[in-house]
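Asker: Start from the sequences and build out the full structure, keeping to the hints where you can.
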Amino acid sequence: MADNVTSIVAVAGATANATLQGLAYNALLGVSALTSGITFQRVQDGETNLSVSLRQLSDFLAAGFSVADAISDGTNTLVALEVDFSEPIVLSGGPDNFLSLTINDNLSDLLQFTATARGALEV
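To get the numbering used here, take the position in the sequence shown, counting from 1, and add 1.
Hints are computed from structural coordinates only; laboratory data are not their basis. Any given hint could turn out to be false.
To be verified - Pair by pair, the computed Cβ-Cβ distance ranges are:
| no. | residue 1 | residue 2 | range |
| --- | --- | --- | --- |
| 1 | Asp97 | Ala71 | 33 to 43 Å |
| 2 | Val68 | Leu112 | 11 to 21 Å |
| 3 | Ser37 | Val124 | 32 to 42 Å |
| 4 | Thr36 | Gln113 | 14 to 24 Å |
| 5 | Glu48 | Leu122 | 21 to 31 Å |
| 6 | Ala34 | Ala71 | 15 to 25 Å |
| 7 | Glu88 | Ser109 | 31 to 41 Å |
| 8 | Ser101 | Ala121 | 17 to 27 Å |
Just so you know, even glycine gets a beta-carbon here, dropped at the ideal spot from N, CA and C.
Answerer: Right, here's the structure in full:
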């Protein structure tokens, strides 16, 4: 059972006079809005129950993600995005039950992109 997903993204470069350095709503840190985006899917019993394409920071926020943390040293910026699901997502553990994050564009301009999912084992 997964109850939240966190994505952490880091990039070189930051803007000096922004409200939060390096975080533009219409980009993904130093990368312009993605063409195809990052696809987040929830598949349960082989059926896709949720599929959303995220192309820029504002798409993540509109999909329910929040900025859990942001750090900038004036050169590099890191942002941790987190989404909590309103109700538990029960995954049976079989191959037809999973959460998927698919990167459909070149993100080589980012220093790092990490995604994790946390949950609990129901006994």
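Asker: All hints, please: hold or fail.
Answerer: Structure-based check of all given hints:
1. The supplied range of 33 to 43 Å is met by Asp97 and Ala71, whose beta-carbon atoms lie about 36 Å from each other.
2. The supplied range of 11 to 21 Å is met by Val68 and Leu112, whose beta-carbon atoms lie about 18 Å from each other.
3. At roughly 40 Å, the beta carbons of Ser37 and Val124 sit within the given window of 32 to 42 Å.
4. A C-beta distance of roughly 21 Å is found between Thr36 and Gln113, which places it inside the suggested range of 14 to 24 Å.
5. Separation of Glu48 from Leu122 is about 23 Å and conforms to the stated range, judged on CB atoms against 21 to 31 Å.
6. Ala34 and Ala71 have their C-beta atoms about 19 Å apart, which keeps the hinted 15 to 25 Å range intact.
7. Between Glu88 and Ser109 the C-beta distance comes to about 37 Å, which sits within the given range of 31 to 41 Å.
8. Checking the proposed 17 to 27 Å range against Ser101 and Ala121 shows it holds: the Cβ atoms sit about 20 Å from each other.
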